[in-house]
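There are 4 protein chains.
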Amino acid sequence: MPYRAPGSPGHSRQQFLSGKPISYYRPTGSADIRRLIDDGFQAFNAGRLSEACQIFAGKMLAPENDTTIGLTIAGAMTPAGLGGCVIEMLDRGLVDFIISTGANLYHDLHYALNFTLRRGSPFVDDRELYEDGVIRIYDVLFPATVLLETDAYIREFLVRSKLNDATSTSELHYRLGLDLLERFPGCDEHSVVARAAKDGVPIYTSSPGDSSIGMNIAYHELMNDSRFMIDPNKDVNEVCAIVLAGKQNGCVILGGGSPKNFYLQAQPTLWEVYGIMKGGNDYFIQITTDQVVWGGLSGATPSEAVSWGKVNPGVLPDTVVAYCDSTVAFPLFCEYAVGSPNGRRQRKELVHKREQLVAALRREAKMADEKRKAEV
Amino acid sequence: MPYRAPGSPGHSRQQFLSGKPISYYRPTGSADIRRLIDDGFQAFNAGRLSEACQIFAGKMLAPENDTTIGLTIAGAMTPAGLGGCVIEMLDRGLVDFIISTGANLYHDLHYALNFTLRRGSPFVDDRELYEDGVIRIYDVLFPATVLLETDAYIREFLVRSKLNDATSTSELHYRLGLDLLERFPGCDEHSVVARAAKDGVPIYTSSPGDSSIGMNIAYHELMNDSRFMIDPNKDVNEVCAIVLAGKQNGCVILGGGSPKNFYLQAQPTLWEVYGIMKGGNDYFIQITTDQVVWGGLSGATPSEAVSWGKVNPGVLPDTVVAYCDSTVAFPLFCEYAVGSPNGRRQRKELVHKREQLVAALRREAKMADEKRKAEV
Amino acid sequence: MPYRAPGSPGHSRQQFLSGKPISYYRPTGSADIRRLIDDGFQAFNAGRLSEACQIFAGKMLAPENDTTIGLTIAGAMTPAGLGGCVIEMLDRGLVDFIISTGANLYHDLHYALNFTLRRGSPFVDDRELYEDGVIRIYDVLFPATVLLETDAYIREFLVRSKLNDATSTSELHYRLGLDLLERFPGCDEHSVVARAAKDGVPIYTSSPGDSSIGMNIAYHELMNDSRFMIDPNKDVNEVCAIVLAGKQNGCVILGGGSPKNFYLQAQPTLWEVYGIMKGGNDYFIQITTDQVVWGGLSGATPSEAVSWGKVNPGVLPDTVVAYCDSTVAFPLFCEYAVGSPNGRRQRKELVHKREQLVAALRREAKMADEKRKAEV
Amino acid sequence: MPYRAPGSPGHSRQQFLSGKPISYYRPTGSADIRRLIDDGFQAFNAGRLSEACQIFAGKMLAPENDTTIGLTIAGAMTPAGLGGCVIEMLDRGLVDFIISTGANLYHDLHYALNFTLRRGSPFVDDRELYEDGVIRIYDVLFPATVLLETDAYIREFLVRSKLNDATSTSELHYRLGLDLLERFPGCDEHSVVARAAKDGVPIYTSSPGDSSIGMNIAYHELMNDSRFMIDPNKDVNEVCAIVLAGKQNGCVILGGGSPKNFYLQAQPTLWEVYGIMKGGNDYFIQITTDQVVWGGLSGATPSEAVSWGKVNPGVLPDTVVAYCDSTVAFPLFCEYAVGSPNGRRQRKELVHKREQLVAALRREAKMADEKRKAEV
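Which chain is which? The protein sequence lines are A, B, C and D, in order.
In our numbering, each number is its position in the first sequence, counted from 1, plus 461.
In our numbering, each number is its position in the second sequence, counted from 1, plus 461.
In our numbering, each number is its position in the third sequence, counted from 1, plus 461.
In our numbering, each number is its position in the fourth sequence, counted from 1, plus 461.
Hints in this document: simulated from the structure, not taken from any laboratory.
Treat each hint with caution, since some may be false.
One copy or any two copies: either way a pair holds, since identical chains are not told apart in the list.
Only pairs whose alpha carbons sit at most 25 Å apart, straight line, appear in this in silico DSS-like list of lysine-lysine [as the list claims (entries may be wrong)]:
#  : residue 1 : residue 2
1  : Lys834    : Lys623
2  : Lys481    : Lys520
3  : Lys659    : Lys623
4  : Lys827    : Lys520
5  : Lys623    : Lys827
6  : Lys814    : Lys623
7  : Lys659    : Lys827
8  : Lys827    : Lys708
9  : Lys481    : Lys659
10 : Lys659    : Lys832
11 : Lys708    : Lys520
12 : Lys481    : Lys827
13 : Lys708    : Lys481
14 : Lys834    : Lys520
15 : Lys832    : Lys708
Isolated chain A, as found in the complex (with noise of 0.2 Å):
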């Protein structure tokens, strides 16, 4: 390892990297949890919850409705264990399309790769760990190398994919999946990235270049004169399409930041830019511990997002923050999901209908065109 790099005297790392492995717990429909979020979570942000849980059972999962589900995720949740839930959502159907950030995914390759992440302490040294070449995210601790073994399978994989052109960020991580499966199989069990790829789940970035995967394809750019980018573009489209073509429409929300925006914008855009009257979300369901008062976006409430035109201004009592941590809050809403009647959907495998959702944007956005042309 380099000079001034994490961990490059080569210490030992042992002291830190004592704790139980991390691994992708998966949620078995407990009657007990269900239970408890029905009869004792009776209030305040425990009564959030359970009305966020039956909504989602009740109403977003009812065959009748086939609401189409996005799932926004923000915050470190496949480093904290959390892909297991998502990977359980995905593969029951309960979860159409997924909007992440970038370090999520990059570190669910990790679990792919079979490198080992360790439950640790937010309150160790960081100069010590800096000189262990450990690293933390919060109280995830894992080896340095974890890091540089990881973006060399990315790099690796980006010149044997032959990927040369611009796409949407939907198509990277199906490339990468299938990657996966080929070179690691049984992956899908600890991968989110390789289980929606085999399960037809498309995966969107907010932030294509805000992540170690963005890093490695512009290194791919910058050192291998490769033409392969990501084209935000594509990925716009692409979740309007996918929310134009929605019966209904409904989103789980994990924290906020741009996966949020990038999910609820959607609706804007049909109305705004393209001129497609679509009507709002049908459900929203967001589970955060921001807040409302600072004013940002990760912290509006479902209100505030129907003078925008992101809600339908019908249904606010079909939409609910929780004030949780992800950690404690989504391993119980899963476990109530998969434990409810509706647990298992058929999965609409939407990597491969992309093509022909944009098609159909496209279709009615010119018609809206030439008929606000034909008013003027």
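Keeping the supplied structure of chain A fixed, place chains B, C and D upon it in accordance with the hints.
Just chains B, C and D now, with coordinates in the frame of chain A:
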């Protein structure tokens, strides 16, 4: 306005749009405010804000340190009228480049285009706002037509610009700023995008598809068959190159979010991906209300960044996080900086040096690569 | 109801009072929940909550440690239905004494008196609630008459009790509990105050004038010329004496506020005021959403408490703060504890030992005093 | 210092006690700061703080409204040096009575007794502090001997005062302030307790046993057989009487906690317990970082208070919560108030009117009682 869009029935908006117009307040370097910060802000977050002011004005701006300073902006700062602070800072050379959410830049255009955003309340009924066609950003209110007309300007600019290739966001914003300057003379008093173009300050967006600017570019591709797109690789490499070239490096982080990470990842990109040792940031100032205990990157401490090689392990005393709404803390911070003996620096005008800096990055990366291969 | 009181015009309340009644959910020690906490709660606040459960069940409750355990309660826990968790804990001997805000005890009386609080929403119009005579605690709703009738019960109890002297709050709450048990047989299934009296668990209030109980005692003095009053000195000394007598000491802190400080100050009272060396708490568990960076005592860390001698400097590994709404985290915590091998302990019944413990405190303090004088 | 007390081994403290002394900054009414608040603080919490300043200076202080103004203080404000703001406010008659945590009053005594608290860091090692006998309040540091000597002063005062009965906290603090004025002439420039005594401003504590003052009174009872105690009934009734006598009523709430509730419960005590209709507060200003969504009283909104009859339902526009650390917001708020045209009022000197106000309360309560009985 089309049916099912906010305001389509065409109600009166007078009820909601009676507040004072929001304008771009410009800090003037008040001695009273400097005295309050030095003598009255002694402990807790007042103490942290005081330290941040002193580190910025006393160390980061000190001529002998020649610090390359990045400002990252998350949260709705321009809607809240903080663009005047940003203009003052970049005009005085106190900030060398900017990484912002797209929303801040999009809403900055309203001021350039002479639309009016108004002071309001966060407690209004959003269903009424929706009926009346009034858009709400927390307590900032304006007619939905402001969105539609700003969108139209962006789409016309895109056509006019003849941009038809993959570019960096810095190039997009620079071209946009030049267009504003040409078409709306004097607007650089009321627009960060325009002033930054005039002053040669590059502006990056970490999530290029995630804002109305990105939505309109996506329209341009889908509807006009344009080949213009943002290439995030260029952004990653330009920011890396700017950081690599800095004698010292430091940042002022407003909020957190993906702009924070996009700035901070430059150092790991250098050591982790390009094999170039730079040693981490020398200064780190963050104003945020996010919290470390939620585990996300927005709230992560400078200390946690040390383990990643983002912050130089030797400089923790020159890092500080002040927990405060930026709308309160940033104007105070700017008053302090502007009034300090180092309140004006030669502008670096990095917009005009991007190509040469990226070339230098490529050279160093190639050398590092060859050295690595030789060592194996 | 008098004019200008909430609800005086006598509107219908049906609109707001249609939610499910809130009841006291009793944890049963679910194995599923224990598995989720052990295996699924791996990092971030889920990790902290898991650690808290393991420290409590594995160490604090271990028979060989014989830990004297204080539970402090701030925030509206009984209105939210968490009284059932508290009852289960004190009945099983898992909590030896309680320090609570007066509000939690006052609202607990509603359940004993068989009034109904209901699930509602935090987004209702409070001016309408006021007109309709409905009281709101965040999202818990009930008629204003519940207050008036509970107040009447308290005043009648005061008259009936013939209390006419300065007493501790533990004595007041014990006498109140006995009165409830006598007049409402079986109410100890639905009342913390009643069950604590039955089980001999003393309950203290750090701010005795600051609740409707205190308000009605003040009435009793002003209007009935009673000489009954709370003597805070007795509370301070009783809590000190309980802590002094503990073989090991530990606490479970819900929220923070003055109950937290009232518990923690016992150790400084011993060394700082009485000159008796005890050495600080051995265990410290807090569930809160307050933050250390705001500087207040509610959010202060176990580490900060070390400098005050509140926490034994050697035991920081046995201290943990989980940042989570208690309505979510405390039921999970109780399920874990109840289901653990140490899920039942012999009750200490400290109510009946207060006099003897305070006598021991006085003895030790006198000895320390004489030793000090001898040393001068 | 005794063994097992902080600092007992007698290490050097120089390492930690090198920061600048904290002093009581006095606001002077800066025109620059007023301009920033009026013109630069336009939205989000800056907007709220601006509104709070305008409501306070423009309405609450307006001579024609003759508002009785209570200030409640939670969080470690005097350790952070904010006592100077409080002194300026009460000296100018801008605050008529105070409800504070005991800790703020206890630590205020250090300044009166000429001890030095110093600026430090929240990131020091508390085990080292403990060894060195240094006490930490977040980032404020001072020797443990400051506690011991302040405690000794309190105990000597108690002996000297010959107080031997049940009194209100306002009487205790008044007597304490007079003692300070007599023994440390001029200390009213550096002590809220002393200045309040001089200016006749009553100071209440909602949790009288919960601070080092309360601890030392408890010692006095246990060790000296004193019969001096705090009677919370007197506090409840005095605050009620003050509120009842107000032509208009308003509050400035710093933080939240039990002082907030103790102030706000005065109105429900009047209607709910005494049957006297007063109608709720006319103005409500809170500066806090607590959040409504956690459900507790600290973060509860003025709106929630309406349903309890604490806030007049007609005045919601004159209520405002600014979410900001008080160490930043309160000095700004005071600068604004002091510099306003209403920056000085005739002091009410309520300390000298307590008896007569309580007599009036009793009279009205008796009348209400008789009327009630007549109606039955």
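Hints, one by one, checked against the model:
| no. | hint | verdict |
| --- | --- | --- |
| 1 | Lys834 - Lys623 | between (43 Å within a copy, 23 Å between copies) |
| 2 | Lys481 - Lys520 | between (38 Å within a copy, 19 Å between copies) |
| 3 | Lys659 - Lys623 | within (21 Å within a copy, 41 Å between copies) |
| 4 | Lys827 - Lys520 | neither (33 Å within a copy, 56 Å between copies) |
| 5 | Lys623 - Lys827 | between (34 Å within a copy, 22 Å between copies) |
| 6 | Lys814 - Lys623 | within (23 Å within a copy, 32 Å between copies) |
| 7 | Lys659 - Lys827 | neither (34 Å within a copy, 37 Å between copies) |
| 8 | Lys827 - Lys708 | within (21 Å within a copy, 52 Å between copies) |
| 9 | Lys481 - Lys659 | neither (29 Å within a copy, 43 Å between copies) |
| 10 | Lys659 - Lys832 | neither (41 Å within a copy, 40 Å between copies) |
| 11 | Lys708 - Lys520 | within (13 Å within a copy, 53 Å between copies) |
| 12 | Lys481 - Lys827 | neither (56 Å within a copy, 40 Å between copies) |
| 13 | Lys708 - Lys481 | neither (44 Å within a copy, 32 Å between copies) |
| 14 | Lys834 - Lys520 | neither (39 Å within a copy, 54 Å between copies) |
| 15 | Lys832 - Lys708 | within (24 Å within a copy, 57 Å between copies) |
The structure shown violates the earlier hints numbered 4, 7, 9, 10, 12, 13, 14.
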